[in-house]
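First to last, the protein sequences are chains A and B. Each residue of the first sequence is one higher than the one before, counting from 1 in our numbering. Each residue of the second sequence is one higher than the one before, counting from 1 in our numbering.
Rather than coming from a laboratory, the hints here were simulated on the basis of the structure. The structure presented is a predicted model; accordingly, all values stated were derived computationally and were not measured. Yeah, the Cβ is synthetic: ideal placement off N, Cα and C, and Gly gets one too. There are no misleading hints in this set.
Derived list of chain B stretches under chain A, where covered just means 3 residues or more per stretch with a C-beta under 8 Å from a C-beta of chain A: (1) 50-58; (2) 63-70; (3) 97-107.
This is what each chain is made of:
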Amino acid sequence: MEDDDIIKEFLIESTENLSRLELEIVELEQRPDDPALLASIFRTVHTIKGTCGFLAFSNLEGVTHIAENMLSQLRNGERNLTPELTSLILETTDVIKRELVSIEAAGKESGDTYDDLRRRLTIACNGTTPAAASGPVVTRTTETATDPAPAVVAPQTPLPPAVEGASAVARSSQPAEEQNPDHPAMANVPAEAEKVGAKGSAIADATIRVDVGLLDKLMNLVGELVLARNQVLQFNSRQEDAALNGTAQRLNLITTQLQEGVMKTRMQPIGVVWNKLPRVVRDLAASCGKQIQIEMDGAETELDKSIIEAIKDPLTHIVRNCCDHGIETPDVRVKRGKPAQGRLLLRAYHEGGQVNIEIIDDGGGINAAKVKQKAVEKGLLRPEQAEALTEREAVNLVFRPGFSTAEKVTSISGRGVGMDVVKTNIEKIGGVVDLASKTGEGTTVKIKIPLTLAIIPGLVINSGGERFIIPQVSLLELLRLEGEAGKKQIERIHGTPVYRRRGSLLPIAYLNEVLALPATSSDSEVLNIVVLQAEDRQFGLVVDAINDTQEIVVKPLGKQLKGLTSYAGATIMGDGKVSLILDITGIGQLSGVLSESRDQLRGEAAKNEASREERQTFLLFRAGSFERMAVPLSLVARLEEFPASRIEHAGGKLVVQYRERILQLTRLSSVLGVPGDASAAMADPAQVIVFSDGDHMAGLVVDQIIDIHDESIKVGKKGDSQGLSGSAVIGGKVTDFLDLPAVLRTADESWTAQGAGSPKNRGTVLVADSRSFSRGLVRNYLELAGHPVLEAVDQPDALEKLDRNEIAAVVTSRNLSAGGAEKLVEQMRKRPGLAHIPVVALCDSREEMVAQNSAHFSACVERFDRASLLDSLEQLSAALQDQPEATRPAELAGGRK
Amino acid sequence: MTETMHDPAAGRDNVETQTKQFSTFYVADLFFGIEVLKVQEVLRYLEMTSVPLAPDVIEGLINLRGQIVTAVDMRRRLGLPKRADGETPMNMVVRSDEGAVSLLVDEIGDVLEVHADSYEPPPDNMPKKQRALIEGVYKLDGRLLLVLDSERVLQTHSIN
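All chains, full assembly: derive it from the sequences and hints.
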């Protein structure tokens with residue numbers, strides 16, 4: 001193999017040199033005395049001779065050797081150039097050419113020893129200077145005439161730079177073998193010199209340097225051609241003309257081939273990037289005191305040049321991370337029973353039109369528990385969210401911005417920037433990163449990237465009367481749900497539509513809703529779901545219709561549309577119209593099925609809520625004879641299903657082991673005192689609404705979870721039924737509202753005990769809000785937290801209640817009627833008895849909060865943000881107890897941080 | 001389909017003689033001009049692909065000989081009332097730093113050559129939304145030519 005490479009290089013180089021040689025010889029006839037020209041010719045022949053000797057092409061070497069002798073004489077001025085000599089030299093070049101063709105085709109010389117030419121060359125050499133140093137050559141020549149394999153002289157000079165240049169060309173181009181099948185004639189070595197001239201330089205022609213810019217331009221043009229082809233094909237499909245059909249088919253075929261060809265020109269082996277990694281690893285290992293061996297598999301895997309560029313930095317970063325965090329120091333490794341030398345394996349291979357790159361180390365792996373803990377510490381996740389993550393999901397947290405588990409920041413990594421950049425960079429080129437790790441055994445980072453960026457296959461879909469394209473890379477499968485039964489398969493959990501796909505829940509988003517497009521006629525029988533992969537998650541996108549797949553050319557959107565995360569670009573379709581290409585990650589985030597943006601979305605939802613006045617989300621359920629009951633969703637911690645087998649009895653109560661704790665279950669129907677219902681069998685699995693307050697949890701068993709509903713409601717209080725706070729119309733039906741604090745207290749004495757057990761820091765709170773619903777909700781929050789609550793409907797009412805009762809804190813709506821919350825605070829500050837009472841303002845938006853925070857209030861929280869409200873109260877009451885009486889008003893009037 | 005614009009050199013020559021050439025158009029009852037050199041071409045109405053979630057002023061995307069061009073509705077950009085039903089706008093394709101953008105206007109006027117003498121900054125009492133987009137005014141015989149600041153017009157993200 002190596003020999004072949006050398007021969008290939010020799011051929012390329014020699015062919016190049018020969019064409020120059022011919023020119024120079026002809027030129028030499030005009031200027032026979034030009035020493036530079038002669039020297040150049042001599043050098044060229046000498047090089048060919050030397051290389052031939054090296055490669056054991058003895059006949060060629062013999063001929064060129066004599067020619068070199070003659071040229072040497074000419075160069076040294078021992079004789080003058082005559083036309084006869086020129087012809088001889090030219091004849092020699094013809095011989096060289098012929099031999100090169102033979103070597104290229106058959107890998108060996110033609111076998112012709114060219115005795116005649118040798119003789120004439122020798123005569124020419126000796127003719128004028130018979131006594132000259134060429135004597136030995138004569139002997140030698142005669143020798144070679146009989147013995148075709150003379151002792152070979154090794155080249156005296158190292159290969160001149162031209163060789164390197166030529167070899168570089170060879171490397172960057174198609175190997176010669178691939179060309180050969182296209183030229184079967186090459187096998188028959190042409191005897192005629194002219195023929196040789198015409199075909200001899202096949203290799204040299206196959207490898208030319210081309211400006212990458214030109215290739216880019218070609219690629220763009222091919223992209224345009226693909227679009228034009230698509231248009232022609234579409235037009236053709238409506239035509240009956242056989243001739244046009246044929247031509248269109250041909251155009252289709254040729255375009256595809258051209259596209260493949262041009263794409264190939266831009267391909268580079270991934271080894272180009274990998275080559276610099278051993279050095280990186282070596283240096284890193286040395287500076288960390290580690291021993292790391294790097295192995296590569298599939299370095300020849302080819303990728304588009306632009307992608308090679310794009311993955312260079314992410315790859316280096318991952319490798320650095322593996323060396324720094326992954327692989328342990330030798331003594332640790334030995335202690336863990338591994339060889340002292342760590343192993344880093346880089347693998348690349350093609351799979352399904354994509355390239356997979358794996359970076360595998362056998363280091364310590366990523367500790368999922370540690371990652372979770374870190375994520376919670378950094379506020380990236382809530383503890384219960386972290387708990388629910390699988391190990392794989394947990395380790396993939398390292399791709400979140402601002403994350404690093406390194407205990408110390410080293411010069412190499414650990415600053416918490418990097419892996420997120422790696423991820424974004426790879427996603428930018430349509431790739432996917434995945435991380436799998438086994439503690440103690442090592443980590444595998446798997447990158448999937450498309451072969452090329454310019455032309456991608458895409459699925460054409462319709463939604464809301466518009467046509468869109470989904471990049472095939474993101475596509476997992478297509479689902480079709482038919483009829484009413486099909487529609488029912490879309491269920492809702494916490495307002496999110498989901499679909500049970502092979503046993504696991506797939507979040508569903510409706511594309512027309514995400515894009516705010518009108519819903520098309522709802523009576524359509526079929527529900528089309530495109531299952532997509534975005535980041536590490538899967539979700540289903542409901543579209544109106546799924547059309548075919550097409551090769552599309554991604555064109556960027558203008559800067560006016562750059563801000564839209566929902567589109568990756570646009571393309572021109574077969575009918576000449578523009579279609580938008582969906583950015584699946586963006587769509588996922590917009591629809592809320594991807595977690596990153598869920599919080600942001602929730603913020604927006606809260607804003608909408610505020611603007612829509614009193615819109616609230618309720619969980620609807622059925623319990624016993626109460627067909628429709630509601631509880632604010634914000635108070636619900638989780639919805640669970642427990643199989644009857646898991647429900648146990650302890651101390652006369654129903655309990656279930658839940659998250660390593662014992663969760664007490666209460667049947668709502670028995671609390672509500674539905675006669676005869678308590679004895680009825682519980683559904684299996686039992687539907688449980690879990691409420692939690694700090695570390696206290698309670699489960700309420702209901703018969704069925706019905707739905708989640710957005711409504712604006714006024715709760716009409718009616719005190720007659722136990723456990724109910726009232727009823728209202730939700731979703732067109734009368735619904736009973738659960739008086740949650742009362743129910744929980746009845747069900748679980750400890751809940752009350754907790755509230756009553758810490759009365760000193762749970763002072764009475766006055767809730768001043770003109771909106772009864774909001775007031776009721778806040779009251780619910782506070783009572784659950786153990787605060788006795790008084791309500792006030794407007795500012796004078798609040799003042800009056802403050803005067804009459806001992807109030808620990810005031811929670812007021814900013815837009816309190818009859819003067820507003822500011823007025824209330826001003827009034828309070830004027831009264832000595834009330835001046836020190838902290839006031840928490842409920843704001844409708846974050847902006848409002850920022851604007852208000854320092855002005856009048858002790859704290860500002862968003863209206864329905866239960867946790868912040870309770871936190872604020874907690875802190876305020878703690879502050880009150882810590883500080884001496886005198887400083888309180890000033891401190892608090894000055895506002896909280 | 002395409003009305004060819006003039007020899008670009010003409011515009012340059014006229015700099016010395018203190019005149020400028022403007023490609024003119026109408027939006028509602030306003031008479032606008034854009035420097036001729038900034039205008040790539042003028043096209044009749046083309047079919048458009050709307051862009052959901054895009055700023056209001058973005059009417060859609062058009063296929064301009066294989067190039068995808070964003071179309072900005074000048075009526076909405078200027079805060080003017082909607083075009084009457086059945087009236088199709090014209091595309092005035094202008095060059096910008098980041099490729100061509102089409103301005104949807106009511107009607108295309110002539111190319112006018114105007115004197116620097118007749119130039120004035122936009123009057124203070126113009127509606128704010130429109131004034132921000134106007135570089136200045138040329139007082140012509142019987143009418144006023146408003147010079148559109150095409151760069152500003154294209155900064156659509158700032159208004160939505």
